[in-house]
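Numbering (UniProt numbering), first residue to last: 1 to 381.
In case anyone wonders, no lab produced these hints; they're calculated from the structure. Note that the coordinates shown come from a computational prediction; the quantities given were computed from them, not determined experimentally. Please note: incorrect hints may appear among the correct ones.
Result set (PhoX-like, lysine-lysine): computed pairs, CA atoms no more than 25 angstroms apart in a straight line [what the hints assert, rightly or not]:
hint	residue 1	residue 2
1	Lys145	Lys173
2	Lys54	Lys115
3	Lys236	Lys145
4	Lys54	Lys227
5	Lys145	Lys54
6	Lys145	Lys226
7	Lys226	Lys236
8	Lys236	Lys54
9	Lys145	Lys201
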Amino acid sequence: MRDLVAMNVDRPLDDISTDTSQNDVIDQWFLLVMGILIVLASQVQVPRSHQQTKQTIVNYLTVAVIFFINGCTLPTQVLIENLSRWKMHIFAQVQCYLLTSSISYGVVSACAIGKHFMDPALLIGIIILGCLPTAISFNTIMTRKANGNGALTIAQSTIGNLLGPFVTTALIKLYTSTDAWYTDILPETEGVTQTYRYVFKQLGLSVFVPLLVGQIVVTLFPRPVKKVFGEWKMSKLSSFALLVIIWSTYDGAFESNAFSGVQSDNMLFVVFILIALYLVWIAIAIIASRLWLSCEDTIAVAYLVPTKTPAMGVPLTTIMFLGLSEASQTRMQLPMVIYQGIQTSLTAESAQRESTQAETSESDDLPQDAVFPRMSIRAIA
């Protein structure tokens, strides 16, 4: 560590700042590409006559790509070992589903003071966001970068996404079956049984089957799979597939003029509420975890609870609310898409902070607080 510090002292400050800037750009590539795609979607949209075809391809193909890659990159043995931690399963999944959904529903109920205050589709979108399962690949990358328990993240993320079609659908039905005024826009459904049929018809083909096929492929051909997704970095395709889902949502939103019907104060309110939800969720996760978990497990849970995957949320809204107007449907998906940018930036910054914290803690020259005085998960843990 001293050699590294000495080497940096000898280097010109311009070189150090240039390297730092380059690393920042690399670390934020997802946000940069997402921003470019949003701008592109605002200028050029898929024609209305092809929107349904685009939506079908995205809902099936891109989601299948994400979960096939997850199936190929999930260590089966490590996953099996972590499955024995049943207390952790309950602890993590209760927070990922019940905690986040109840808080988001409570916030919406408190804020929905009148029909002219907020767009009802945006409020329902915030509720749906809290009901979604956690991410998989994104969580794993961030947890490992922050020196947390990556195996725990993989296990809990997989369990959460396997439970998603059951739990998420049930929670959404629960929270939208009230007599609240913002639920008046929702179409009549044929009951819970019909909803589950639609859910498992699409999510079964795009989530469970690709995940199972991925596990079979990695079991039969471990070395080629490791080379393809490890050395060749083809696992990045899941991030690009996620970007396609985000682009598709914005494309549909701009094509249907969804943004034109949303007041600017509504959009600002949604952004601030989503930031607040992320901070509240991660704070509760950290405090609850430190009562009985190690630092590494705390980091894993801290990234599991507040992160949500639009890969399941976006197609789920299409399946559950058949007959809903396209404009309302796209506005309903906006909180999920906006939250993706919020969680990506905040989680990536936090993971980078934890990585720096771990590196500086190895130095014997300065106290830890002097090197890295800002609050972090590791500092609390």
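If you check each hint against the structure, which ones fail? 1, 2, 4, 5 and 9
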